[in-house]
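Same order as they appear, the protein sequences are chains A and B.
Going by our numbering, the first sequence opens with residue 1, and the numbers climb by one from there.
Going by our numbering, the second sequence opens with residue 1, and the numbers climb by one from there.
Honestly, the hints are just simulated from the structure, not real lab data.
A couple of the hints might just be wrong.
In the EDC-like style, the derived pairs of lysine to aspartate or glutamate whose C-alpha atoms are separated by at most 16 Å in a straight line are [as the list claims (entries may be wrong)]:
1. Lys29/B / Asp288/A
2. Lys278/A / Asp288/A
3. Lys278/A / Asp292/A
4. Lys259/A / Glu301/A
5. Lys23/B / Glu275/A
6. Lys89/B / Glu275/A
7. Lys23/B / Glu336/A
8. Lys317/A / Asp24/B
9. Lys163/B / Asp77/A
Keep in mind it's a predicted model, so treat the numbers as computed, not measured.
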Amino acid sequence: MFPTTDHGSLHSVPHLSRTNHVKPCIKASSAKQGVTKTMHIFALLLLCSHVAAFAQGVAIDTTLVALAPPSSLMVTDHVYDNAERLDLVWVPSIDDKLIANKLIEYRVYRVTDSGSAERISVLPAGSNSYSDESVESGHLYSYYVSSVGSGGEFQSIPSAPIEPQREWLNFHLISLLAICVIIGGSIVFFIETARRGKKLFIRRIAGLEAVDDAVGRATEMGRPILFIPGIQDMDDVGTVAGITILGRVSRVVADFDTKITVPTSRSLVMTAARETIKTAYQTAGRPDKYNDDMSYYITDEQFGYVAAVNGIMVREKPATCFYMGTFYAESLLLAETGNSVGAIQIAGTSNPMQIPFFVVACDFTLIGEELFAASAYLSGEPKQLGSLKGQDVGKGIALAAITIGVITVSGTTVWQIEWMRPIVDILETIFLTR
Amino acid sequence: MSTEFGVWIAALMTLGLFSFLYKDNPLYKVCEAIFIGTSAGYYAVTYFFDNLHKKLWEGIFPPDGAVGDAWLWGGAILGVLMLCRLSRKIGWIARWPLSFIVGATAGLYMINYFVSSAMIQVASTMQSLVVTDAGGIAWQATIGSVVVAVAVVSGLIYFFFSKEHTGAFGGVAKVGIWFLMITFGASFGYTVMSRMSLLIGRMDYLFGDWLGLIR
Chain A
1 MFPTTDHGSL
11 HSVPHLSRTN
21 HVKPCIKASS
31 AKQGVTKTMH
41 IFALLLLCSH
51 VAAFAQGVAI
61 DTTLVALAPP
71 SSLMVTDHVY
81 DNAERLDLVW
91 VPSIDDKLIA
101 NKLIEYRVYR
111 VTDSGSAERI
121 SVLPAGSNSY
131 SDESVESGHL
141 YSYYVSSVGS
151 GGEFQSIPSA
161 PIEPQREWLN
171 FHLISLLAIC
181 VIIGGSIVFF
191 IETARRGKKL
201 FIRRIAGLEA
211 VDDAVGRATE
221 MGRPILFIPG
231 IQDMDDVGTV
241 AGITILGRVS
251 RVVADFDTKI
261 TVPTSRSLVM
271 TAARETIKTA
281 YQTAGRPDKY
291 NDDMSYYITD
301 EQFGYVAAVN
311 GIMVREKPAT
321 CFYMGTFYAE
331 SLLLAETGNS
341 VGAIQIAGTS
351 NPMQIPFFVV
361 ACDFTLIGEE
371 LFAASAYLSG
381 EPKQLGSLKG
391 QDVGKGIALA
401 AITIGVITVS
411 GTTVWQIEWM
421 RPIVDILETI
431 FLTR
Chain B
1 MSTEFGVWIA
11 ALMTLGLFSF
21 LYKDNPLYKV
31 CEAIFIGTSA
41 GYYAVTYFFD
51 NLHKKLWEGI
61 FPPDGAVGDA
71 WLWGGAILGV
81 LMLCRLSRKI
91 GWIARWPLSF
101 IVGATAGLYM
111 INYFVSSAMI
121 QVASTMQSLV
131 VTDAGGIAWQ
141 ATIGSVVVAV
151 AVVSGLIYFF
161 FSKEHTGAFG
171 GVAKVGIWFL
181 MITFGASFGY
191 TVMSRMSLLI
201 GRMDYLFGDW
211 LGLIR
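Let the sequences and hints guide you as you build the complete structure.
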């Protein structure tokens, strides 16, 4: 497509005729009016030559063509962030897309408060914005953007220096706060209810009812209990849940005076496990029976840990194996070996990819959130029961939102029921957090 | 057959670990001990140089003479407190850094988990049950939408702990566990296939790189 002749005449017309220029005949004249008239004729002829060139489809040589730089560059601090982002907006060069391939790209430069400039991004033609997400609080940043073509690079006027600001509150997440307050309030309410002595109902979880039986079996057989708290560190919520269950299992172990072995693949988990078992033994009134060797570190290497635990299983032949925590590829290797030595196995993990392996190789499996509900179920403590009941309130909110959402979205998109549209908008505002 | 020492070691170690498939034996025990010992040593050295030296020491005392990050002193102090475990008298202090790690982790991850595992999931499920295209109802997409909605609702009901799974509620929960099991079955098959590819990789190493029987 050819551009119209008035486009970009200020910048591009004088340069377009390198290969197709026409030499106008200019007569020398001393009269100013005559010169002006001659210039008009010259310009007209030049313009006509370009029009003719375009009309005939003659290729325009765009090499060594000057470009207009981007203009009106504005840099603003990104709102509701941790001083980690500045947003740039500019008006693209007027030569952008005027002639195909004339403007190749935009280059974004950042000037730090030390005065050094660095190119931070290259953007395709047509771009008019960029977000710099590599800035830090306490520094001033200035930017300029250049348009780049075959004729070179042409810079915009640099922006004024700006410092990224940190906001304490992210009001984009206000709906999230509201839901958290509702769920948190429910948890506090149920904890207080339980403390006042009201019995809170928690449905039966089959896998957990087997815990006492499994520990009893190990006691009768005179064989140890093996507890594997996953292969992740203490910053993993599944590991924390596993260690919490270990507390309850250890308590039963202490009551029955059975042996428990907790090999770990992380040193911090070993420390946490030791503390947990020690507390359980103290609570059971048997601190003298506790020793630090009940939990020990093996290695951080995933399959090195598996090799060691498999060796422990075939040599010590535990009567019961617990797998509670976060597991990956080692899940079936462990559970299958435990199965081969005839142990009762109870597993629980929140990793959906590994649950199938535990389901096929273990006697009982806690699926997903059952792992997190387990400690409350086992302990019966008001705090944990209240927490579990509060989470059920959260699930109730999710169920209601999904049901209403599905009905209203179906109503508005399929049957065009307009009164449902505000409901869809409200749900989107609440749940589509940015 | 390979003449490289490293290839031989790796091949013999592989065979030693495979021997566990028959039963526990001395060769497996040797391989197990080497594996555990080298990996534990490797991680000890890695943690020392990557964390203690590079992040902590050079963070507090930058080699270029710049001002160190004062926040790292907090981590250093917590790390030292962990060592209190070595003393019976003040061993209880080691619980402080542990409590800090667990509490800080819970606080840091709470919002991310809540947004990714709850809010976005709920928003993604709010889709029209009936999907239409230019030719009318797109039956395949419609069935997919209905299955997603029913599976999510029934799955959520299964994980509802405040009510016994009886009556209609129990029936819906049973539908939920069926959906879960079907999903687990599909996941099981997928993962078994990926494990087979790992086995093939090992066989390829033994018969190709080591014995040279396959090219």
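Tested hints:
no.	hint	in the structure
1	Lys29/B / Asp288/A	33 Å, violated
2	Lys278/A / Asp288/A	10 Å, holds
3	Lys278/A / Asp292/A	8 Å, holds
4	Lys259/A / Glu301/A	26 Å, violated
5	Lys23/B / Glu275/A	35 Å, violated
6	Lys89/B / Glu275/A	15 Å, holds
7	Lys23/B / Glu336/A	13 Å, holds
8	Lys317/A / Asp24/B	12 Å, holds
9	Lys163/B / Asp77/A	49 Å, violated
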